[in-house]
Each structure stands twice: as C-alpha cells, then as structure tokens.
Amino acid sequence: MPPEGEAESAAARPHGNGNGNGHNGHADAEAALRAAVREQAARDEAAREDDPDREDADGGGLTALPGRLVRGVSGWVTSRVPAADLDERDPDYIRESLPRLWLLCSFWFRGEVRGLGNIPEDGPVLLVGNHSGGNMTPDTLLFTLAFSTYFGVERVFHQLAHNLVVSMPFLSPLRKFGTVAASHENARKALRSGAAVLVYPGGDYDVFRPTWQGSRIDFGGRKGFIKLAIDEKVPIVPVVSIGGQETALFLSRGEHLAKALMLDKLFRLKALSISIALPWGLNIGDMAGHIPLPAKITVEALPPIDLQEEFGEAPDPDEVYDHLVRTMQETLDALAAERRLPLIG
Amino acid sequence: MRANACIEIGAPAALIWREVSDPARYLHFMSGVTRWEVSGEQRTGVGARYRMLLAVGSAEVGGLIEVVESKEPSDLAWTSVTGVDQRGRWRLRERTRESGSPVTRVELRLAYGVAGAGLAGWVAERLAAPSVRGHLRRSLWQLKRQVEHEQLRAQAAERRAARAGV
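Residue numbers (my numbering), protein chains in the order written: chain C, 115 to 459; chain F, 395 to 560.
Treat each hint with caution, since some may be false.
[Said to hold, decoys possible] Chain C regions said to be covered by chain F (calculated; three or more residues, Cβ under 8 Å): (1) 289–296; (2) 323–336.
[Said to hold, decoys possible] Incomplete in silico selection of chain F near chain C, CB under 10 Å: (3) G426; (4) T428; (5) G477; (6) G507; (7) G512; (8) L521; (9) A522.
[Unchecked claim] List of simulated lysine to any residue pairs, SDA-like, C-alpha gap at most 25 Å: (10) C:K410 / F:E460; (11) C:K290 / F:G507; (12) C:K290 / F:W516.
Since the hints were derived computationally from the structure, they do not count as laboratory data.
Where is the CB? At the ideal position from N, CA and C, for every residue including glycine.
Only chain F is shown next, with the shape it has when bound in the complex (with noise of 0.2 Å):
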C-alpha cells in the first residue's frame, strides 16, 4: 500500500533538507511517530539506520530502516531492514515565485506492507491508510509551519544584525 501527502512550503530546499535529513528533529515534527533514533555509528547519508516506529492503531509499528538514497537537496529515500516492509522517501523540488522568493514542493511518500500475511494483511493494509495518509500530511503541516517559522526567525534577525550596523 502506498500512501503520500504533499504541501508547498515557503522556503529554499536547502532549508527543508536540514530538517528532514537530521534524525535528531523527527520527533519534533512528525506526527504519530513515536522513535526515531540512530542506531549504529553512522548518522546521516547512505547507510545510515535508524529505529523508527509509527503509531498506528493498537499497534506501534515500524522497525530498523537504512537511507539508501541521499541527493542533497533533493531526494533522500530509505527502506526496511526489519519489522514491517516499507520504503520512504523525501522529494524536495524548488522554484522561484514570480515574486522571486523561493518555494519548495515537498513530497512525503511512503510504501508498507507485511509480505506474506495474505488476505487479512492486504485488508489491514487498506485499513491503516487513512491513519497513515493523516500522519504523513500532518507532518508536512508541522515541517511546514517549523522551517517557516525558523525563516521568519531568521530573516528578523537578519534585519535586526542590519539596523544595529547602521
């Protein structure tokens, strides 16, 4: 079963990319997810793993997740190494307003299953989906409004570094 949520957010992809290749900021913005921790030495880029689990239902599930594809700033994908069969991935696509301000086209997509479990797992599959399909674009929301919001942040204390230099 696949699901995906996309959102436009208002900042270059480099900033986006920031968050969503830190293992340490998951918790903050994703929804449901109950773990994401490193495990292993490496923290980011291709190899890295991470325990990762997603509540959903009666169940947190997830398991040991490796990227496996890491194009800064653009794509960063990962698939299952244990527990249930799932493949993600992060696709940031940037352009420029007419305005000339950046926006970046987020896409969160994510692929699950339990391969042999027959009928009853194609069943729970269709099932969890509204479930996750909310945790996937609530996520976005939050990612969203989170690197906005550091934007606004940032850019506030870029005029104030220039008033005080004037």
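Next comes chain C alone, as it looks inside the complex (with noise of 0.2 Å):
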C-alpha cells in the first residue's frame, strides 16, 4: 500500500501544475501532465521494484475498467484508514476496559500468560507473535490484557492491525486501545515515540491457516518487521501463543477464493477463510466475526534477541527469519505437548 501522503500528492499534482492561460499555458499544463505522467509510471515501477510480490493493479490480465475500478475501490478504501495519531491511545479508557478483559480472558479463554518479564522493562521493543483465531483474535485480547496490568496502562504499547480492522467504524475503540493500522511508517513512528509495539507478521495470512496447522509458525515469508527491527536497533521479543486456532473450524484461508475476488487487491486480504464457526455454521471470510469456541489460550513470551549483538553491525534478515521461525516453533511444539485435548488445553 502506497503511503497515504504519497497517494494524496500524486492525486493532486495535475491539478495544481495547470495554473497557465492560452496557448503556452495549455502547452506547459500539458508538459505538466505528461510529466506528472510519466513520474507517476516511474513511481509505479520502483513500487513493483520494492515489492516482488505485488502485482500491478491494472494488469495482470485485467483490462482497463476493471483496473480502474480496482484503483478506485482500493483507493477508497485506503483514504477511509486513518491516519496513525498515537495519540489517540487513552490509558483510562484502557484501564476502565480492563475488568471486561479480564473476565473474558478468565472465564472463557482460561488465558495463561507467561515471560512477561522477558520484555524489557521500558523503551521501544518489536513484539512479534504468531497469529491465531481468525478476526475475534483472542490472543491478542489476552496479550494486551496481560501487558497492560503486568506494566501498567502507562506504558505506551501499540498494536499493528490490517487496514480493514482500523477503517472499520464499529471497531474505532480498538484505536483507544492503540492499535493502528499495520505500516512500516506508523511502527517506526510508535517505536521512536518509545513505545512496545505487537506486530504479527503473518497477518490475514496466519490468523486463518486451518485447525491443523495450529501449532505451526507461518508468517508466509514475510520479512519486513525485521528491516524495521534492523533500522530501529529495538530488541525483538518473540511472542509465542496456542489455542486461538481452536475457536472455531478453520478449514482453509481461501488464498484462491480471494485472488479470484481481487481482495487481495482491493483489500490487501492475502485470505478468505473458510471456516465452521458459531453462531453461521460455515462462515467465509469471518469479516462478521464469530462466537469463539471457549478454548483455552496460552501466550508466553520469549527472551529479547538483541539483533546487533546476536546477528553483527549488519544483521542478514534471512538469517534473523530463520532463527526467529525456529525458535518460536520450538517454544510452540512445546506449548502443544503440554496440551492434553483441543479446547479444554
């Protein structure tokens, strides 16, 4: 996705060059055009250059009007993102929300939270946790719970989410709680404000892998958080958790359904789960949520890894992957061993 300001600029550049009267202001807003035009090609192509795995919105197969439509609606979609105010984080909200979580996490979840005294006690640090649960996310519910009590709702602690859940009106209280939309730009902007910041990098991707594949740490290659990690120079603390697949019947992410749809384009959604959940029976894409299963969710955190000190001055992003991946998934393989029966835990 394209940096809101970039997008605006872009938008806007045409318009603002066409200032000129007659003939030769014709002809310089034209050169403006034309120039606009071919920055823009430019643009494009250094995206595609950035980014191997994105594809081009009007090509691909598509012709021009639905690559047109696909631009709008993405576009769309994109301007209804707010833009990231960490400001809008409210610790007394937080703190009055905390009761609700609590009995959530205690009473349905049975929520176990461990290592929280692997993360460092104050100063930015890159969260990194395996996904799970489809969109209702408990993890998530019960890692902020956890982190807001063990250091207090005074410690700044932001969590990174996919376009979709921010722009959503119903769920605008999750900004209260921090969370903002998932962005190199909007992390790199918590964590020098000093912040904790929780990012899952598998993203849509994790979060709906099938029931199976619970206990297996897939972030689909995806890399990015640790060239923030790298540039930041914050610790890593991995954050492991268990259970969350088991509140509902996730029987595929639907990676073909949602290219065929263009979600993928439209929405960023890499996924359109196909799942057996309550209260819909077979529920595709989980955009309404579902009721969770009450499976019992274990979160444990893991000691930081200093990438500098562990990797050298230059950290090789592969490698770091590498080690992140194998160790999250020795800690997970050892979270399911101790699981006696699906749900229960």
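Mind assembling these two chains? They're in different frames, but the hints should get you there.
Structure, rendered in structure tokens:
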C-alpha cells in the first residue's frame, strides 16, 4: 500500500500545475501533465521493484475498466484508513476496559500468559507474535490484558492491525487501545516514541491457517518487521500463542478465492477463510466475526533478541527470520505438547 | 470490593512486624504475589513505594503502591498510586495468653476495584473475590508458619546457648 501522503500528492499534482492560460499555458499544462504521468509510472515501477509480491493493479490480465475500478475501490479503502495518531491511545479507557477483558480471558479462554518478565522494563521493543483465532483474535485480547496489567496502562503499547480492521467504524474503540494500521511508517513512529509495538507478521495469512496447523509458525515469508527492527535498533521479543485456532474449525485460508475476487488488490486481503464457526455454521471470510469456542489460550513471551548483538552490525534478515521462526516453533511445539485435549487444553 | 482474612500467630507483634514491614520478605510468604519490589530510595515507612503484582485469573494485577500509615508494631497501610485501585492494611493486635505466652491476631485487608469500569468492573470484582481471599488466607498461613518456626528456632538457639554457658 502506498503511504497515504504519497497517494494524495500524486492525485493533486496535475491540477496544481495546470494554472496557465492561452496556448502557452495550455502547452505548459500538457507538459506538466505528461511529466506527472511519467513520474507516476516511474514511481509505480519503483514500487514494483521494492515489492516483488505486488502485482500491478491494472495489469496482470485485467482490462482497463476493472483496473480503474480496482484502483477506485482500493483508494476508497485507503482513504478510510485513519492516519496513525498515536495520541488516540487512551490509558483511562484501557484501564476501565480491563475488567471486561479480564472476565473474558479468565473465564471464557482460561488464559495464561507466561514470560512477561522477558520483556524489557522500558524503552521501545518490537513484540513479534504468531496470530490465531480468525478475526476475533483472542490471543491479542489476552496479551493486551496481560501487558497492560503487568506494566500498567501508563506504558505505551501499540498493536499493528490490518487496514480493514482500523477502517471499520464499529471497531474504532480499538484505536483507544493503541491499535494503528500496519505499515512501516506507523511502526517506526510508534517505536521512535518509545512504545512497545506488537506486530503479527503473518497477519491474515497466519490467522486463518487451518485448525490442524494450529501449532505451526507460518509468517508466509514476510520479513519486513526484521528490517524495521534492524533500522530502529530495537530488540525483538517473540510472543508465541496456542489455542486460538481451536476457537473455530478453520478449514482453509481460501487464498484462491481471495485472489479470484481480487480481494488482495482491493483490500490487501490474501485470505478469505472458510471455517465452521458459531453462530453461522459455514463461515466465509469471517468478516462479521464469530462466537469463539472457549478454547484455553496460552501465550508465552520469550527472551528478547538483540539483533546487532546476536547477528552482528548488519544482520542478514533471512538468517534472523530463520532463527526467529525456529525459536518460536520450538516453543510452540512445547506448548502443544502440554495440551492434552483440544479446547480444554 | 473488600476481602480480608485473619489468623492468630503465637508470637509477639514485634516479630511479625519484622516480616510484614520488610519488602524483601513478601515473596516468601505472600501467596499469588509475583512481584514486590521497592521503587525509589525509601525502603520502609510512610512514603515507601513498591511495585507489586498479584496473580488473579488470567492477569497479574497490581501496580505502584505507597505506604500511607506505619505504626510499629500494629498497623501498616498502603494505597495504590497506579494500576488497580487498592487499599491494603496489616493489623497486628497482641495479647497475652493465660499461660503467659504472647499471641498476636493478624488481620490482612485488601479493598480493590477499578473506578469507572461500570457493570463489568462490579462483576469482575466479585468473581475475583474468591481467588483474592484464597491468596490472603494462604498468605497468613504461610506467615504464621514462617514466624512460628523462626521463633522456635530462636528459642532452640537460646536453649543451646544456655546449656553451653552452664
């Protein structure tokens, strides 16, 4: 997704330059417009080079009209994503919400959080977790509760969420919890302010993995968070959770379905999950959420990884990624071995 | 919500006071307490601050607390500065048994809640009460065991010293 500011300036440029009158003015405006188009094409090309996974919205077999439609809808969604305002986080609101979260996590999910002492007492830190439980994300609720009670609501804590989540009007209270749209700019801003930032690199790809893959760490090869931690020189604290994938029967990520419906281009959705969940029965996409089954959720924070200290001054992201996934997988295997029965834990 | 527990300990209040007024000893006898650390320069007395956490349900709740009353050897009270609202108090009341040996009634009170949390807060406070009361009760039993054992050891050491002197 291009940064919002860049999208805005690209849209404004042709109008801003077309201020002349008469033939010369008209020629100037045309030249300016052509320059703007060339500039935009160069920018698109650069963006494609930066992100090899990204496909051109109006290319790739799409005709011009659907391409424009895709850009329009995508732009509309982008415009609905609120600009990251870290000041929207409201400690009083979080504090008053903690009893609700505590009731839910203690009695419904019988949540257990371990290793919070591994998180540095202060300063910026990147908490990297595996994501589970579909759109209801019980692991995030539990970890937010545990973090807020352990360190106090005074310690600034932000969570990165998918654009769709932060743009939904009925989910606006999440912003008071410190949730901001997942982007490098927002994460950088939060880390530079000294906050702890929770990121789920696997995102929608991870959260909708089939239930029988519940004890598998799968970030889908996404490594952007490592570059972020290297650039900002902040430690990474792996956060491993288990149980979330038992809150519904997730059958498939529905990646092909998401692609066929162009959701990846419209909403950056790589998955359109197919699950069996309460109260819907067959649940496609989980857009309206579901009633999670009362599965026991366990979360464990691991010792921090100082990238520069452990991997040298210029860490190799691939090496860090492999190390992190292996470490988290080992912990997840141990947590899975503790569980005797699904749901009950 | 207020929870309290009390117990009689066969020891003078001064001996028990030594335990309850020393922040370093809390992790040894307080059940469910996962952290009790001095915050700041002052270790004891009015104005001393501690960072404490108590495991209740899925969370470790607590925060920064400050001692607001310290009357040796009978009353020690604290109140929360940050975190969950709480007021706590140790009440030690010594009397003498017919046999002449001292006995102290120890009461531990804890009032807690989250102001502004509404109905959910009210429900959560009540549902947390059995767990909190359990922690208080177990803490007092552990305190009793610790103090009385320490007293027995001290008495045995005195007897040994007396025998050695003879």
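Okay, the hints, checked on the actual structure:
no., hint, result
1, 289–296, "violated (count 0)"
2, 323–336, "violated (count 0)"
3, G426, "violated (13 Å)"
4, T428, "holds (9 Å)"
5, G477, "holds (5 Å)"
6, G507, "holds (9 Å)"
7, G512, "holds (7 Å)"
8, L521, "holds (7 Å)"
9, A522, "holds (8 Å)"
10, C:K410 / F:E460, "violated (36 Å)"
11, C:K290 / F:G507, "holds (21 Å)"
12, C:K290 / F:W516, "holds (22 Å)"
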